Every structure is written in structure tokens, then in C-alpha cells.
Amino acid sequence: MILALAIACRRPPEWVSLLALDDAIRLAEAVFGANADFFIRRVVPEITRVSQRIGTVIPGATPSPGSSGPDTAIPMS
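Position 73, counted from 1, in the sequence shown is what the working numbering calls 73; the numbers after and before it change by one each time, with no gaps.
Honestly, the hints are just simulated from the structure, not real lab data.
Note that this is a predicted model, so its numbers are computed, not measured.
Be aware that a few hints might be false.
What the hints assert, rightly or not - Label-pair ranges, simulated between beta-carbon atoms:
| no. | residue 1 | residue 2 | range |
| --- | --- | --- | --- |
| 1 | 4 | 56 | 21 to 29 Å |
| 2 | 38 | 15 | 20 to 28 Å |
| 3 | 51 | 20 | 27 to 35 Å |
Backbone N, C-alpha and C define an ideal beta-carbon position, used for all residues, glycine too.
Put together the whole structure using the sequences plus the hints.
Structure, rendered in C-alpha cells:
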């Protein structure tokens, strides 16, 4: 995560690793929030593709569902 954040904000990884935790979180929020469209369009599909490929390579591994269905509302009267 430090390396990804360093690349995204164009700073050395050492600089990022020296940030206080709350400052690093704020920086990550700013960097990744400003580039959310890129991450949604490019990074998420690539992570999904790689994780599915890894699942076929690891013996006994089964792919996990991407998301569960919506909750069913049950009236509480």
C-alpha cells in the first residue's frame, strides 16, 4: 500500500512511510478519491481477473462471489 500511494502521489516510499497514520489515511483518501474513476474502470477489473487466475492455480481454492444479493427487509411489527 505504501508503494502504491508513493507512486500515486509521486513521492518516495520512504516519505510516505514516515507519515503519521492519520496523515497517510488522509493522503490516500485524497489521492485515490481524486482518481476514483480510474480505479473503478482499470484497477478493479484487473484485480478481479488476477484473483480469478490465482484461484485456478491454487489447489482446492474456490473463487468467492464478488458480492451478495441485497438484504431482504423483514417488517418488525
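Now for the hints, and whether the structure bears them out:
Between residue 4 and residue 56, the C-beta spacing of about 25 Å keeps the proposed range 21 to 29 Å intact. Taking the beta carbon of each, residue 38 and residue 15 are about 22 Å apart, inside 20 to 28 Å as hinted. In this structure the supplied range 27 to 35 Å holds for residue 51 paired with residue 20, their Cβ-Cβ distance being about 32 Å.
Of the hints listed earlier, there is not a single one the structure fails to meet.
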